[in-house]
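Novice: Spelled out from the first residue to the last, the chains are:
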Amino acid sequence: MNTEILGVILMYVMVIALAIPLGRYIGKIFNYENTWLDKIFNPLDKLFFKLSGIDPTVEMNWKQHLTALLTINAIWFIISMLVLTNMSWLPLNPDANPSMSGDLAFNTSVSFVTNTNLQHYSGESGLSYLGQLILMLWQFISAGTGIAICAVVFIAMKERTATTLGNFYSLFVRSCTRILLPIAFVVAIILVFNGSPMTFEGKDTMVTLQGDTVQVSRGPVAAFVAPKQIGTNGGGFYGPNSTHPLENPNYLTNIIETVSISLIPIAMVFAMGYVLRRRKLAWTIYGVMTLGFLLLVIPSIMNEMNGNPAIEKMGIAQSYGSMEGKEIRFGSAASAYWAIKTTCTSNGSVNAMHDSMTPLTGMFTMLGMMINSFYGGVGVGFLNFYIFIILAVFVSGLMVGRTPEFLGKKIEAKEMKIAMVIALLHPLLILAGTAISSFLYAGNPAEYAGWLANPGNHGFSEMLYEFSSSSANNGSGFEGLGDNTPFWNIACGIVMLLARYLPIIGPVAIAGILASKKYIPESNGTLKTDTSTFGLMVFAVIAIVAALSFFPALTLGPIAEYFSLY
Amino acid sequence: MKSNIFPAIKLTFVCLVFFMGIYTLAVYGIAQFAPNQGKGEIISSNGNTYYSNVGQSFTDDKYFISRPSAVGYNAAGSGGSNKGPSNPDYLAEVQARIDTFLIHNPGIDKSEIPSDLVTASGSGLDPNLSVQAAKVQVKRIAKIRGLAEGNVLQLIVSNTEQPLFGLFGTEKINLLKLNIALDKLK
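First to last, the sequence lines map onto chains A and B. If you count by my numbering, then the first sequence holds residues 1 to 566, one letter each, in order. If you count by my numbering, then the second sequence holds residues 1 to 186, one letter each, in order.
No wet-lab data here; the hints were simulated from the structure. Don't take every hint at face value.
Selected chain A positions facing chain B (in silico; Cβ < 8 Å) [what the hints assert, rightly or not]: (1) 42; (2) 46; (3) 67; (4) 217; (5) 565.
Ideal Cβ placement from N, Cα and C applies to all residues, glycine included.
Please work from the sequences and hints to get the whole structure.
Specialist: Rendered as structure tokens:
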């Protein structure tokens, strides 16, 4: 069998083999059960709380959880702005890189605090090492925020009536120290021993074998890349992210980095199964997510391996497939696999340039972000899926004439209203943003000529992708877009803020309201939510609500480009 | 809100010290045991040192040439062309690269040229070539350097890196190592 395909199969098998035990471990952490790492982490967590003056045993209701989350995120944003606009004179700047402009710092700070990691700068010239390290901090703790708030929803889904749902700070610190830190540390060590730099020295100048003088940008790369991959962050140390040979040196590191992308998102589903003692529900959800993921990834791999038809016509060999924007050491199968993984999970790191992929692969990457819940981001991916479950319960309840109930709680008008608003927010942000930018561009193509690197339908796709990526808190891009302008910095910044916090507030509110309702034990009249029938129902809701909203826009972009090429 | 502000500031500061400081230093400490103390993998030849992972530009006909690059293989920066598959300017550029290659390599049929040789990588620093991209240059190199074609072909075979464990990923050649070996071939 083709070794490129075997590599892809290995990566999928590895991730599921690791995600099942990890999900169990994460479940134990949320349940405050004993684990074998307690000896290290119990004293460490105690130290965290002692120094911060926080009592981790105080119970919070859902509103208090959200207040705590929003407050601490606001503080991170302020610190980030201060550092990024003053990097030039702060320490750890061996390459004498400049500070960021206000609008770029706004975009970057929002981007990293919201776990999006859209980058309108290039790491080599746009950040000092201090800037890189502060962004690395957000890569840990913004991911910790998502995991912690997802744990709150798990706790709310338990079979009981309750108004208090644990302590936010406690869940947050446990997520950071006990889940993210150990995995990041292992990944960083593997990278260091495979040739990723971990140094504080600046650029190195050297003469090549042919006699050209060039420079090589270095830095604390290995430490930075690990949390980038595992926390569905995706903001690269270097401009072109994990295509860079120092950020992702060989096929082995590519396997490790690819597995890291979806490890925690998948493990969170199994963690839910453990916390609620509903393994069958976890497998149903995992099944729906995997079905969606496979439907996107298989055609993408086929398209990239088949190559670009316009180049085919020139009469050269395309045995490696479509190679523009791709690295030989990964090949087109592993590049297409990464592209779909990273867009389905809201990671946004890349190991090949999405802008140069064949039209349908470009469309599938966008669909991954538009749906944003086939695995999804750490924690928040499950929250997005939760909204679709609520919608599916309601729709199927109406279809069979039963009261819509989910895990023993009645779903009523208020919860449905919240769920509808959140489900419609994502298409609204993406389509309105794309409409405004297209309107501006079409009105004055000369003034905005720097925006698009490609003409026609593909240029439209570049704008559609940028807003999809911002609204999905993904962070990858069709990087041909000239996006470091006040318009893109501010527009994408606003979209990222709305698209991060409203889809957290909505599901937490629904879960919090449901938790306080009377628990109704399951009976013969209850709609079963852990069956494959219900799974298909959820899949249908996702296809109708999410995917179809975007069909007209996709027709103008990648689908039209497809028909012009094939 | 108010009761949250000071604990949140203090907790942020603790996280900063731990995740930005202690974690980074721990990885840095372990990096001191890695090849070249974590400053990137190096190979030496004739007293010069090169980064073995970072691609170099080879445009001279006497070397195996490298893939096109959007950043000219200057690793002070990095990046891809970001050209879309249907962009007419881009397709014209690829056609021009094919034509140039054919002029420099007489006797080669264009169906022998693999696409990686006329397309730019994502990083602009791709250190590799496909095996076919090296083989298609054998005729030219042998002629310029006055070597037997069989010897140059043998060099390619001995520099071919198999997929991981022979099973996973692509077969490839590290172009820098190949060209260093080529310089040593008599």
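Novice: Can the hint on residue 217 (chain A) be confirmed by a CB-to-CB distance to chain B that is less than 8 Å?
Specialist: Hint holds; residue 217 (chain A) Cβ to chain B Cβ min 6 Å, cut 8 Å.
Novice: Min Cβ distance, residue 46 (chain A) to chain B: is it shorter than 8 Å?
Specialist: violated (12 Å)
Novice: Are residue 565 (chain A) and chain B close enough, Cβ to Cβ, to be under 8 Å, as the hint says?
Specialist: holds (5 Å)
Novice: Closer than 8 Å between Cβ atoms is the bar; does residue 42 (chain A) clear it against chain B? Give me holds or violated.
Specialist: violated (15 Å)
Novice: Tell me if residue 67 (chain A) is really an interface residue toward chain B, meaning its C-beta lies closer than 8 Å to one of theirs.
Specialist: holds (6 Å)
In summary, the structure is inconsistent with hints 1 and 2 from the numbered list given earlier, while agreeing with the others.
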